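J.: Sequence:
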Amino acid sequence: MLVKQTELDLLLKNLRAEHKTIVTTNGCFDILHVGHVRYLEQAKKFGDVLIVALNSDKSVKKIKGESRPINNENDRAEVLSALRSVDYVVIFDEDSPLELLLRIKPDVHTKGADYTVETLPEAKEIIKAGGRIEFISFVEGKSTTSIIEKMRKS
1 MLVKQTELDL
11 LLKNLRAEHK
21 TIVTTNGCFD
31 ILHVGHVRYL
41 EQAKKFGDVL
51 IVALNSDKSV
61 KKIKGESRPI
71 NNENDRAEVL
81 SALRSVDYVV
91 IFDEDSPLEL
101 LLRIKPDVHT
111 KGADYTVETL
121 PEAKEIIKAG
131 GRIEFISFVE
141 GKSTTSIIEK
151 MRKS
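The sequence shown begins at 1 in the working numbering and counts up one residue at a time.
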């Protein structure tokens, strides 16, 4: 379910009142593939509720370049919301999800295993706020970039 940032505080208050363990992750999730699906399923296992902080179109362009995203933010949010592992999607405009994550104060924040606590920019702040970080291995050979490259070659 797509949640507007204006609705977030009430949602979090209700989830905490129900003593739910809140898990977050973040990313562009541009062309959804099996690697994303497995990653999100693993993330969900760390708690009761998975909130995906989704980079807005503006944010993706800054990070990935003018040719991205392939799918717009509303389409990406709808596809993510349809996955059984994803409870909520919140779109953010900034280059980094840090501000949004500090607002959510997740019990667990997940990220790909290509990061470490030292290299993940938001890790120190999440830990300082009482959360923990969990890293999830990627599915070998599955990425949006490889899909785009394969399409260009065909």
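Don't read these hints as lab results, they were simulated from the structure. Predicted model only: the values in this text are computed from it and were never measured. Each hint should be verified, as a subset may be incorrect.
To be verified - No more than 35 Å apart at the CA atoms, straight line, and that leaves these computed lysine-lysine pairs for DSBU-like: (1) K20 / K150; (2) K20 / K58; (3) K105 / K61; (4) K105 / K150; (5) K58 / K153; (6) K150 / K44.
J.: None of the hints should be skipped; say for each whether it holds.
T.: Now the hints, each set against the structure:
A distance of roughly 41 Å separates the Cα atoms of K20 and K150; the hinted pair therefore is violated under the 35 Å criterion. Taken as a hint, the K20 and K58 pair is honoured in the structure, with Cα atoms around 32 Å apart against an allowance of 35 Å. Straight-line distance between C-alpha atoms of K105 and K61 comes to about 27 Å, which keeps the hinted pair within the 35 Å bound. Taken as a hint, the K105 and K150 pair is broken in the structure, with Cα atoms around 38 Å apart against an allowance of 35 Å.
Note on K58 and K153: the hinted pairing holds, with a Cα-Cα distance of about 27 Å set against a maximum of 35 Å. For the proposed pair K150 and K44, the alpha carbon gap of about 30 Å is at most 35 Å, so the pair holds.
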